[in-house]
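**Student:** Sequence:
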Amino acid sequence: MIVILYSTIILFIVSILFSKEIHKHNTTLYAMAIVVVLFTTREVPNIVNLGYVPIAFFIVVLFSGLLERNTVRKKLFTVRAELAIIGSILMFPHAFGYVEYYLMELLYGSVTLSFLLGLLAYLMMIPLFITSFQKVRRKMSYKTWKTLHKTAYVFFLLVGLHVILIANENQLLYIALFGFYFTMRFITSIQSNRHKQYKQQSLKTT
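Residue numbers (full-length UniProt numbering): 1 to 206.
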């Protein structure tokens, strides 16, 4: 959990300070992420193939949506797609390593709920990953793309349940982190709906 926290803080700061550079050189960063994947997929456990760094990317992407409309939010939104793509690429070693392990367990009829939720989250991540690329996004209608990417909340929920059900010493911290996010997401959603209703009523009375 400490690794995720530090990774999130570092990524948050880097994304704000170098948002233009990240957006401009995104292809290079994707290539670098692939190189990291090649070196970590079969290695001993590390912060990438254990899923810590990829989760940090998704935390920054999703928590940026909770920020007030200011310069920080604007900079993070500039690189949201890039961060999501890099996070998805870096998630591959984690998913591949554990799927390989649990498929063996499946043969013996011993699979945990945590694994099944993690697998479902990974399968949901794939279309989100593909449609985060601008070339793919341009071929979709905005409504279709928006509807698809709303499933990112379900993906993040599954990730949260996945790590919580592992039931290690960080369980309470994961509950606090994901509980805080979804509580704030619920509050901001209510506020957004009220704002829309207010605007609609104002238009009707004018």
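Careful, some of the hints might be misleading.
[Stated by the list, open to error] Pairwise CB distance ranges (calculated): (1) K199 to I2: 40 to 50 Å; (2) A176 to I13: 17 to 27 Å; (3) H195 to T78: 33 to 43 Å.
[Stated by the list, open to error] Straight-line alpha carbon distances no greater than 35 Å define the calculated DSBU-like cross-link-like pairs of lysine-lysine that follow: (4) K143 to K74; (5) K24 to K150; (6) K146 to K20; (7) K199 to K139; (8) K74 to K139; (9) K139 to K24; (10) K146 to K199; (11) K150 to K196; (12) K135 to K20; (13) K196 to K143; (14) K139 to K20; (15) K196 to K146; (16) K20 to K199; (17) K75 to K150; (18) K24 to K143; (19) K75 to K20; (20) K150 to K139; (21) K135 to K150; (22) K20 to K150; (23) K135 to K75; (24) K135 to K146; (25) K143 to K199; (26) K135 to K24; (27) K20 to K74; (28) K146 to K74; (29) K146 to K24; (30) K75 to K146; (31) K24 to K75; (32) K199 to K74; (33) K24 to K74; (34) K75 to K139; (35) K150 to K199; (36) K20 to K196; (37) K75 to K196; (38) K75 to K199; (39) K139 to K196; (40) K135 to K196.
Since the hints were derived computationally from the structure, they do not count as laboratory data. All figures in this text were calculated on a predicted structure; none of them were measured in a lab. All C-beta atoms, glycine included, are put in the ideal place defined by N, C-alpha and C.
**Student:** All the hints need checking, so say for each whether the structure fits it.
**Tutor:** So, going through the hints one by one against the coordinates:
{"no.": "1", "hint": "K199 to I2: 40 to 50 Å", "verdict": "43 Å, holds"}
{"no.": "2", "hint": "A176 to I13: 17 to 27 Å", "verdict": "22 Å, holds"}
{"no.": "3", "hint": "H195 to T78: 33 to 43 Å", "verdict": "24 Å, violated"}
{"no.": "4", "hint": "K143 to K74", "verdict": "22 Å, holds"}
{"no.": "5", "hint": "K24 to K150", "verdict": "26 Å, holds"}
{"no.": "6", "hint": "K146 to K20", "verdict": "24 Å, holds"}
{"no.": "7", "hint": "K199 to K139", "verdict": "31 Å, holds"}
{"no.": "8", "hint": "K74 to K139", "verdict": "24 Å, holds"}
{"no.": "9", "hint": "K139 to K24", "verdict": "21 Å, holds"}
{"no.": "10", "hint": "K146 to K199", "verdict": "22 Å, holds"}
{"no.": "11", "hint": "K150 to K196", "verdict": "18 Å, holds"}
{"no.": "12", "hint": "K135 to K20", "verdict": "19 Å, holds"}
{"no.": "13", "hint": "K196 to K143", "verdict": "18 Å, holds"}
{"no.": "14", "hint": "K139 to K20", "verdict": "24 Å, holds"}
{"no.": "15", "hint": "K196 to K146", "verdict": "18 Å, holds"}
{"no.": "16", "hint": "K20 to K199", "verdict": "34 Å, holds"}
{"no.": "17", "hint": "K75 to K150", "verdict": "21 Å, holds"}
{"no.": "18", "hint": "K24 to K143", "verdict": "26 Å, holds"}
{"no.": "19", "hint": "K75 to K20", "verdict": "8 Å, holds"}
{"no.": "20", "hint": "K150 to K139", "verdict": "18 Å, holds"}
{"no.": "21", "hint": "K135 to K150", "verdict": "19 Å, holds"}
{"no.": "22", "hint": "K20 to K150", "verdict": "25 Å, holds"}
{"no.": "23", "hint": "K135 to K75", "verdict": "21 Å, holds"}
{"no.": "24", "hint": "K135 to K146", "verdict": "15 Å, holds"}
{"no.": "25", "hint": "K143 to K199", "verdict": "21 Å, holds"}
{"no.": "26", "hint": "K135 to K24", "verdict": "15 Å, holds"}
{"no.": "27", "hint": "K20 to K74", "verdict": "11 Å, holds"}
{"no.": "28", "hint": "K146 to K74", "verdict": "18 Å, holds"}
{"no.": "29", "hint": "K146 to K24", "verdict": "24 Å, holds"}
{"no.": "30", "hint": "K75 to K146", "verdict": "20 Å, holds"}
{"no.": "31", "hint": "K24 to K75", "verdict": "13 Å, holds"}
{"no.": "32", "hint": "K199 to K74", "verdict": "23 Å, holds"}
{"no.": "33", "hint": "K24 to K74", "verdict": "16 Å, holds"}
{"no.": "34", "hint": "K75 to K139", "verdict": "25 Å, holds"}
{"no.": "35", "hint": "K150 to K199", "verdict": "23 Å, holds"}
{"no.": "36", "hint": "K20 to K196", "verdict": "32 Å, holds"}
{"no.": "37", "hint": "K75 to K196", "verdict": "25 Å, holds"}
{"no.": "38", "hint": "K75 to K199", "verdict": "27 Å, holds"}
{"no.": "39", "hint": "K139 to K196", "verdict": "29 Å, holds"}
{"no.": "40", "hint": "K135 to K196", "verdict": "31 Å, holds"}
In this structure, the one hint that does not hold is number 3.
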